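Student: Below are the chains, spelled out letter by letter.
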Amino acid sequence: MDVRVSSLRKEFDRYPALNDVSLSIRSGELIALLGPSGSGKTTLLRLIAGLEQPTAGNIFFGADDASLKTVQERNIGFVFQHYALFRHMTVAENIAFGLTVRPRGLRPQKAEIRRRVADLLEMVHLSGLEKRYPNQLSGGQRQRVALARAMAIEPKVLLLDEPFGALDAKVRKELRRWLRDFHDRTGHTTVFVTHDQEEALELADRVVVMSQGQIEQVGSSDDVYDRPNSPFVFSFIGDSASLPVTVEGETIRFRGEAIGITPSTGDIDAGTLFFRPQDVVLPPPGEPALEGRLSACRRLAGTRIADLDIGPPGAPHHVEIEIPLATTVRTGASLRFRPTRWKIFPHAA
Amino acid sequence: MAHDPATRRLRPPTTEAPFARYALMAIAFLFLALFLLLPLAAVFIEAFRKGAGEFLAAFGDPDTIAAIRLTLLVAAIAVPLNLVFGVAAAWAIAKFEFKGKAFLTTLIDLPFSVSPVISGLVYVLLFGSGSLLGPWLRSYGIEILFAVPGIVLATVFVTFPFVARELIPLMQEQGNGDEEAALSLGASGWQTFRHVTLPNIKWGLLYGVLLCNARAMGEFGAVSVVSGHIRGLTNTMPLHVEILYNEYNFVAAFAVASLLAALALVTLLVKTLLEFHYGAEIAAGRKH
Amino acid sequence: MNGFSASSPRWRLKTPSVLPGFGLTLGFSLAYLTLIILIPLSGLVWRTASLSAPEFLAILADPRTLNALKISFGTALAAALINVVFGCVVTWVIVRYDFPGRRIVDALVDLPFALPTAVAGISLAALYAPNGWIGHILGLAGIKAAFNPTGIVIALVFIGLPFVVRTVQPVMEELDREVEEAAATLGANRLQTIGRILLPGLAPAILTGFALSFARGVGEYGSVIFIAGNIPYVSEIAPLLIVIRLEEFNYAAATAIATIMLCISFAMLLVINLIQTWSRRRYGHGA
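Protein chains in written order, with the working numbering: chain A, 1 to 349; chain B, 350 to 637; chain C, 638 to 924.
Just chain A, with the same shape it has in the complex:
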């Protein structure tokens, strides 16, 4: 089932939580909504589910306008951040709930429900725990019960709100791999919300980066990491450094000095230069380059990180770059480098 969101707007007490958002999700895709808190990612998920009503805009499931349907009619599977298991029901009763509340004509036979529950428990590797109550389960087990419960109604779309947020680091890693595997086996269109970029980049087919109620970029992990299309995405995903620069013809200058790189397009005359710490070289003396004073030097796993102060001593820009392990520089000494991959974004108007 493909999902299409068009010009969606949501206001809470006149405050826009989501501002003109459009997005197309292909059938069977695993999509991550990534952004800092307050970026509107959970609001978007809840709008798709039907837990909130949009102020304006539409949501389509295939050709159906889902915005005309209640949450009950949309047939979505939703996994809540804190699982929202029914604590007075056993694991089996929790999973069967969505089937037992169906109208009499559509409700499967008792034996059929039992069989489906057993299948789902097996699928989430929890066979044997059907008689337990939620408070007798570990966090990871609860999370999988919640998933099985959502899958029991054979949803068209699976929606997960911070699915790993409440788990400790080790369980989180395991479940992340397991969820990818689970998705590949069932082939459901799946959307999950996360604020953890590592989780989004590792797990999703495509990542939707959001900020302040708007979509900044949609793309594969490679796209958003290697080809970020906005200063926000560049600085939000991965490590980065930035410097104000000017462009004169074929040269990029920092504080009036050429720094040895040339712009790809010529329509910018001033902007912010972004680059990643690992995308630098230390050029031989004499070639134009950026120059900074080393304020600290740290060993980080297989690399060495240099903290540099660039520019006027009164108000320097701080930049981190990776340097070869063998490099020996004293604190306070000057170090010259040049970005190998970079992007310039014009100053916001």
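Simulated from the structure, these hints should not be mistaken for laboratory data. The model shown is predicted, which means the values in this text are computed figures rather than measured ones. Any given hint could turn out to be false.
Label pairs and their calculated CB-CB ranges [unchecked claim]:
no.: 1; chain 1: A; residue 1: 347; chain 2: B; residue 2: 534; range: 54 to 60 angstroms
no.: 2; chain 1: C; residue 1: 734; chain 2: A; residue 2: 229; range: 43 to 49 angstroms
no.: 3; chain 1: C; residue 1: 653; chain 2: A; residue 2: 302; range: 50 to 56 angstroms
no.: 4; chain 1: B; residue 1: 535; chain 2: A; residue 2: 302; range: 53 to 59 angstroms
no.: 5; chain 1: C; residue 1: 694; chain 2: B; residue 2: 378; range: 47 to 53 angstroms
no.: 6; chain 1: A; residue 1: 314; chain 2: B; residue 2: 622; range: 54 to 60 angstroms
The C-beta atom is built at its ideal place from N, Cα and C for all residues, glycine as well.
Model the placement of chains B and C on the given structure of chain A, informed by the hints.
Tutor: Just chains B and C now, with coordinates in the frame of chain A:
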């Protein structure tokens, strides 16, 4: 609101449909009106049925004045006693770990689960003519039953848990850290209580005293059993209300009752204000 | 590791603490408790114990006693059931709906805690008597709401309501909205969500509120006697019979009835505790 007919039934999934909402509210308000609001209003309406003159005349009766005086006296003795007990018991229970603590806490709650009539009965059995204690005390000229001491005792019994019950959860929640800090800075035990503990619990204490006082002034069953109903001598306000009512002197009965109802309203008002302003400081004991 | 620190099982009344005043406050509390509560109550137990078994049974077998107990427990049960139903509706409206005067309605629920029972008694009698405002209207419908067991139930509904509301309210306030949303995403309509998710979650609190309201109703005196009519065998409650027996100086009968009532009250307390323990174990939260 009716801009798009297609969105008419799309309400948030955690609320009821409007008609269900209004029906539930109507049921709740009707129920509260019939059982709480009208009885409260009726007290004042009946009291003023024959005008303010008759209402005020009820308070000219010396027996009524005696009843008001006795009620104030009884509350003035019972409330401070239970206040001291409540603070002492809460200090021992909340600040220390000792054997039998849970049992002691249960015992303090005991008067809440005893019928008021039985609370009075136990004192009749203890000091009545058939007991050992009663005749012995009487031989020294000390009257307990059908006299003021009996009324005070019965009142103390029924209002016993109020202050302690309010303070124990509150002080348990606050822990011992503040007191330990004060002691480490050289304060004496009393100084610690006076300058550290008391400011922390003052609103909870006031709350407990308020409820204790309301019950002390309004107690009927227990006091009725031990008082002997001697007009002008052992009649508290609630008992006087009963006598006037049974004499078909309704205006006077409701006039005295309206005074008690006003006290209840003031209690509720102060209680609500305390909860509103110092909710967090008294929340631990908010559940009755 | 030396053998002293871990294994010196000397019996201690209290865990050591730097705070002063333990002896003084506990001593005073115990003395006061003993004087005010324990000695008088043990007097009751002693009196009961001095009754012979046949005497005791004869008092209980007296039809007037039996009827009084039946009326007290029957009306308390009916009132507690009414309070559970309407108390839950009132609590729901207070907790979930926003309307002008919500705080006032919330505060009003505590009225029965604050209003002296005798005042409530005469006021309810005046309202529900055949010539009262409400009694008059009910009379037109052929309903007699005072001076019979119905009147007792009305008084006990008044007295018991806050016990249900104040027990259920904190639990209802902490209901997790996500759980309701989860039920909706699984296709449950509002009625199914309330009936199968919310009410079972509230059940321990509702049961506790019911038990508290019932226990209070059984022992209630002041608010009942004015509206009950106090007709022996018909609308005479057990606490009133105790008072009547006392006025006849029939201490034995008064004691026997009181003992039975106390036993049942304590059984109720035990039931409440069991509900809460069970609920905590099963769902991980109390009532």
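Student: Evaluate each hint against the coordinates.
Tutor: Here is what the structure says about each hint:
Separation of residue 347 of chain A from residue 534 of chain B is about 57 angstroms and conforms to the stated range, judged on CB atoms against 54 to 60 angstroms. Judged by the Cβ atoms, the range 43 to 49 angstroms given for residue 734 of chain C and residue 229 of chain A holds: they are separated by roughly 47 angstroms. Between residue 653 of chain C and residue 302 of chain A the CB atoms are about 55 angstroms apart, so this pair conforms to the stated range of 50 to 56 angstroms. Taking the beta carbon of each, residue 535 of chain B and residue 302 of chain A are about 57 angstroms apart, inside 53 to 59 angstroms as hinted.
Between residue 694 of chain C and residue 378 of chain B the CB atoms are about 49 angstroms apart, so this pair conforms to the stated range of 47 to 53 angstroms. At about 57 angstroms, the beta-carbon gap between residue 314 of chain A and residue 622 of chain B stays in the expected band of 54 to 60 angstroms.
The earlier numbered hints are all upheld by this structure, with none contradicted.
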